[in-house]
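Number of protein chains: 2
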Amino acid sequence: MASSPRVLVYGGKGALGSTIVNFFKSKNWWVASIDLFPNEDAHANIVLNISESWIEQEKQVTSSVEDTLKGEKLDAVLCVAGGWAGGNAAHKDFVKNADLMWKQSVWSSAIAAEISAKHLKDGGLLTLPGAQPAVAGTPGMIGYGMAKAAVHQLTKSLGSEGGGLPENSCVAAILPVTLDTPMNRKWMKNADFSTWTPLEFVADLFFKWATNEDRPKSGSLMQLITKDGQTELVKA
Amino acid sequence: MASSPRVLVYGGKGALGSTIVNFFKSKNWWVASIDLFPNEDAHANIVLNISESWIEQEKQVTSSVEDTLKGEKLDAVLCVAGGWAGGNAAHKDFVKNADLMWKQSVWSSAIAAEISAKHLKDGGLLTLPGAQPAVAGTPGMIGYGMAKAAVHQLTKSLGSEGGGLPENSCVAAILPVTLDTPMNRKWMKNADFSTWTPLEFVADLFFKWATNEDRPKSGSLMQLITKDGQTELVKA
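Protein sequences appear in the order of chains R and X.
Numbering follows the working numbering, in which position 132 of the first sequence is assigned residue number 132; successive positions increment by one, without gaps.
Numbering follows the working numbering, in which position 89 of the second sequence is assigned residue number 89; successive positions increment by one, without gaps.
Each hint should be verified, as a subset may be incorrect.
Note that the list lumps identical chains together, so a pair holds whenever it fits in one copy or between two copies.
As the list claims (entries may be wrong) - Straight-line C-alpha distance at most 35 angstroms; calculated DSBU-like pairs for lysine-lysine:
| no. | residue 1 | residue 2 |
| --- | --- | --- |
| 1 | Lys186 | Lys73 |
| 2 | Lys121 | Lys25 |
| 3 | Lys118 | Lys217 |
| 4 | Lys92 | Lys217 |
| 5 | Lys96 | Lys235 |
These are computed hints drawn from the structure, not numbers from a lab.
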């Protein structure tokens, strides 16, 4: 694997993360996963502790990444960590859920950005996990919307001059409506699955971008709009 | 004061907060302040503990607000709490500063939203502290931009159907470029102060909105653009 390209998947044990790990592995990339549990299919694993604080988690992850890379650079950092919780301002768990969304989506995205600033090659790729609904107000899931709006802002900032990423690198967020995961099928049994974005589409898209095919302008928010099983990319 | 209108100023001991407290007091409103230190000019004070967690802070503040209001409703909740710290993704304090920005701007805004959902009158006013630069990427102050983007999203969500605020209430964020505070004058001695927004302008604006004069559509982000000492409101 010495000369293989290298990708780090943040959230590499989740449904989308696992699909990406396997896809890049099948293309002979060296693949590392960061998650709460190891992904046995990855070449290297960084296992997160549930930390009390963002700064503690940052220290743990960045130090483990340095130990794993041993001075090698990354071709791509793909952050797909996140979660979902609902609630408006009158919901009894409003702040609790907003706190959880922040930790799941923003802690991970910001640490992925820091890893990219330090370890991505010039011309490398960073992807971040946005959400299409957060392009407008999200009254039924306010904490989720705040966290995703912050990820969108992070993407725009990193894609601007002086954001801290290596030369000629590309950062983009994907903004899915609904991903076609087993968990979403379980919880939304009666939905129209033909409007859900297949995980393989995302893995293939990331692989294209990672190999410098059809990359969006750095800082872009790319909505994934799926109809009749076909997914279109629409810049937000 | 029994029949006076009631306003709660979140961040009522800061430069802008103090100006607002005095302005509303001069108009014979009952004024409560929430801050790390009491504002002796306010009729009631809720003093924040520096909390380890968002949920702890929420519990402390909401319980103190209930004790203070004793069942009375509020006509307005004006959140002006916040702070500033810079840094891009390559900055050594990137996550530390992003964490601080989140706590200063988003914890307070979300708790102000929860208080408004519970204690604002029908037709009341909630204002939140946005920032004009966060309308685009903010590469030199990424954590600040993420926090302010979340406040903008919170505003849009609360202004949407089902956000949880009382009937006919109005929520709006103000998006200043630079406020004319003593601290900003101290740190940016050579700036053009004629482009900074005077604190009295903001206090007067909030008073108009609170008394139902020229209210923006609920959910609006209102940029404060100051030129030659004159401030214009421009919807983002």
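Worksheet item: Any of the earlier hints contradicted here, and which numbers?
Response: Result: hint 1 breaks, nothing else.
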